[in-house]
Amino acid sequence: MTLRILKPGLQTTVQAGPRAGLRHLGVPASGAADPLSLALANRLVGNALLAPGIETTLTGVRLLFEDDGFAAITGAKAKARLNGERVKPHRTLAVAAGDELEIGPAKAGARNYLALAGGVAVDEVLGSASTYLPAGFGGFEGRALRSGDVITVGPHGKAPKMLKTPKEFRPRASSSWALRACYGAEVDLLSKESRFDLFDTNFTVGRRADRMGLQLEGARFQVTSGGRLASAPVFPGTVQCPEDGTPFLLSIDAQTIGGYPRVAQIARADRHLIGQLRPGDHIRLLWRDADSARDELIAKHEYWREWLPGIGDVI
Amino acid sequence: MSPGVTLCGDDVVSVECEDTRSAQVLADHLRESGDWLECVAGIASCVAQFDLAVMSAEEAKQRMSSALGDTPVAHDAETKLIEVPVCYGGVHGPDLDDVCEFLGVSREVFIGWHTGSEYRVDMLGFTPGFAFIGGFDQARDVPRRSQPRVRLESGSIGIAGGRTGIYTLPSPGGWQIVGRTPMALFDAGAEQAFRLRAGMRVRFVAIEATEFDERREE
Numbered sequence: 001m002t003l004r005i006l007k008p009g010l011q012t013t014v015q016a017g018p019r020a021g022l023r024h025l026g027v028p029a030s031g032a033a034d035p036l037s038l039a040l041a042n043r044l045v046g047n048a049l050l051a052p053g054i055e056t057t058l059t060g061v062r063l064l065f066e067d068d069g070f071a072a073i074t075g076a077k078a079k080a081r082l083n084g085e086r087v088k089p090h091r092t093l094a095v096a097a098g099d100e101l102e103i104g105p106a107k108a109g110a111r112n113y114l115a116l117a118g119g120v121a122v123d124e125v126l127g128s129a130s131t132y133l134p135a136g137f138g139g140f141e142g143r144a145l146r147s148g149d150v151i152t153v154g155p156h157g158k159a160p161k162m163l164k165t166p167k168e169f170r171p172r173a174s175s176s177w178a179l180r181a182c183y184g185a186e187v188d189l190l191s192k193e194s195r196f197d198l199f200d201t202n203f204t205v206g207r208r209a210d211r212m213g214l215q216l217e218g219a220r221f222q223v224t225s226g227g228r229l230a231s232a233p234v235f236p237g238t239v240q241c242p243e244d245g246t247p248f249l250l251s252i253d254a255q256t257i258g259g260y261p262r263v264a265q266i267a268r269a270d271r272h273l274i275g276q277l278r279p280g281d282h283i284r285l286l287w288r289d290a291d292s293a294r295d296e297l298i299a300k301h302e303y304w305r306e307w308l309p310g311i312g313d314v315i
Numbered sequence: 316m317s318p319g320v321t322l323c324g325d326d327v328v329s330v331e332c333e334d335t336r337s338a339q340v341l342a343d344h345l346r347e348s349g350d351w352l353e354c355v356a357g358i359a360s361c362v363a364q365f366d367l368a369v370m371s372a373e374e375a376k377q378r379m380s381s382a383l384g385d386t387p388v389a390h391d392a393e394t395k396l397i398e399v400p401v402c403y404g405g406v407h408g409p410d411l412d413d414v415c416e417f418l419g420v421s422r423e424v425f426i427g428w429h430t431g432s433e434y435r436v437d438m439l440g441f442t443p444g445f446a447f448i449g450g451f452d453q454a455r456d457v458p459r460r461s462q463p464r465v466r467l468e469s470g471s472i473g474i475a476g477g478r479t480g481i482y483t484l485p486s487p488g489g490w491q492i493v494g495r496t497p498m499a500l501f502d503a504g505a506e507q508a509f510r511l512r513a514g515m516r517v518r519f520v521a522i523e524a525t526e527f528d529e530r531r532e533e
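Chains as they are written, first to last, in my numbering: chain A, 1 to 315; chain B, 316 to 533.
Quick caveat, the hints were computed from the structure, so don't treat them as lab data.
Among the hints, a few may not be true.
Said to hold, decoys possible - What follows is a list of derived Cβ distance ranges for each label pair:
no.	chain 1	residue 1	chain 2	residue 2	range
1	A	R143	B	A359	19 to 27 Å
2	B	F417	A	A20	39 to 47 Å
3	B	F417	A	G245	25 to 33 Å
4	A	G154	B	A503	14 to 22 Å
5	A	L6	B	L418	53 to 61 Å
As the list claims (entries may be wrong) - Covered stretches of chain A (chain B as the covering partner; in silico rule of three or more C-beta atoms under 8 Å from a C-beta of chain B):
no.	segment
6	45-52
7	151-161
8	253-264
9	276-284
10	288-295
Predicted model only: the values in this text are computed from it and were never measured.
Every residue gets a Cβ at the ideal spot worked out from N, C-alpha and C, and that includes glycine.
Using the sequences plus the hints, can you model the full thing?
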């Protein structure tokens, strides 16, 4: 099956699971910024949970199916139309050659996922099919999709069941988020007051918000040591605080090494939410110690396992 | 108790290291154990990410502590020496003249310095395969460019703060670009995608522009 991109939107890429175990070579994770939503979409078309799908950003996408197949949409709150008719997210959709699908602008949340039965057929680079834009590899020619691109979808076995995601397994995109977080390695470099404010500020996501990371506005932190640190490893979910006092939350494409104090780390259980944050959203960080963060992750896995048996590989 | 091992976040443990080399040796040792998701060395620390679903923070700290006890000592002599041909200046090294002026030396003296020592790859990081190579002491005070370049070609050789950086892939960058190597340093299809590895010894060899063109590996 092939499909043709008619209108690519702000940033539409092929994303699958992350690149794992390569950060020591400077290779960032990349992959779906909201892997839970990619998994939910893949579940509806009978794919492996992290099979390559299409990730859109804020403005959606318009595309044309050139063959028959099956698709599903998840992620941000957005209207979708198939040949002009509204179609709902979280359902297996049968599509036919000549059908035009439009995912509209995201009203809440930042990214939508389109899964296609068989998965987008692209080569793996460094262990993943995901696009890593800053270095231009993976996915479709290492870049965001453009008008006229023709995407090949792999063969799928028998037709998938026509499914709906059960209601209790549909994450709701919001404009206000609580993210559980633990102290980072250099939290002690924050003044006592700033350390308190870190978990008592209603942050606003700044205009600089992409797959690399997001600026958190609303408080100016005092970094007591000042100056630069010896560069140290960072991860998606790390909150760094540069000299200007405005914290920066690293996302899925974040570099592997950073030179700013690491003041917090979003708990693994909530890291998938970072991919849905958009400029203007409100965020609060909820402090957790490592043991409760672990208990909550295990509880979250147990909850999701009923619908997504492989959840432990997703979030 | 796990002295020196600290938790940073819910699923990452960190340990301070004497220098980058010992951090690298520890990271390699941890990686071999298969216990960790990521093992990354910084300039003066080694960090490991673990699977929080299967291991508690306390267990991770203990594993890190015991790994500290049985980590081999770095054997410098065993590491590979790699010669990196560099075409200095001109279109390949647009910042060479500025750097020479900053240091108050001629191009010839600068190139003599840079090619006159053996260096070691401290770490790969920042962007895929970007090699931090320490030990260029004569250039200790050379700052980064105030305005980073939006795109540097792969193979660009930058200088900043006593380090040489090699851009393995095209990327933006703020280092002072003094030259470029025709050597292909990244091959996504190869088993060893990155030719340079942390710990490798490196020597730069000056080549002419004509040789650069002949040796350009795509």
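We went through each hint and held it up to the structure:
1. A:R143 - B:A359: 19 to 27 Å: With a Cβ separation near 36 Å, A:R143 and B:A359 fall outside 19 to 27 Å, so the hint is violated.
2. B:F417 - A:A20: 39 to 47 Å: holds (42 Å)
3. B:F417 - A:G245: 25 to 33 Å: Given about 31 Å between the Cβ atoms, the range holds.
4. A:G154 - B:A503: 14 to 22 Å: Distance hint for A:G154, B:A503 holds at roughly 20 Å.
5. A:L6 - B:L418: 53 to 61 Å: The hint (53 to 61 Å, Cβ to Cβ) holds, given that A:L6 and B:L418 are roughly 55 Å apart.
6. 45-52: violated (count 0)
7. 151-161: It is violated: at least three residues are needed, and the segment 151-161 of chain A offers just 0 whose Cβ sits closer than 8 Å to chain B.
8. 253-264: holds (count 5)
9. 276-284: violated (count 0)
10. 288-295: With 5 residues close enough to chain B, the hint holds.
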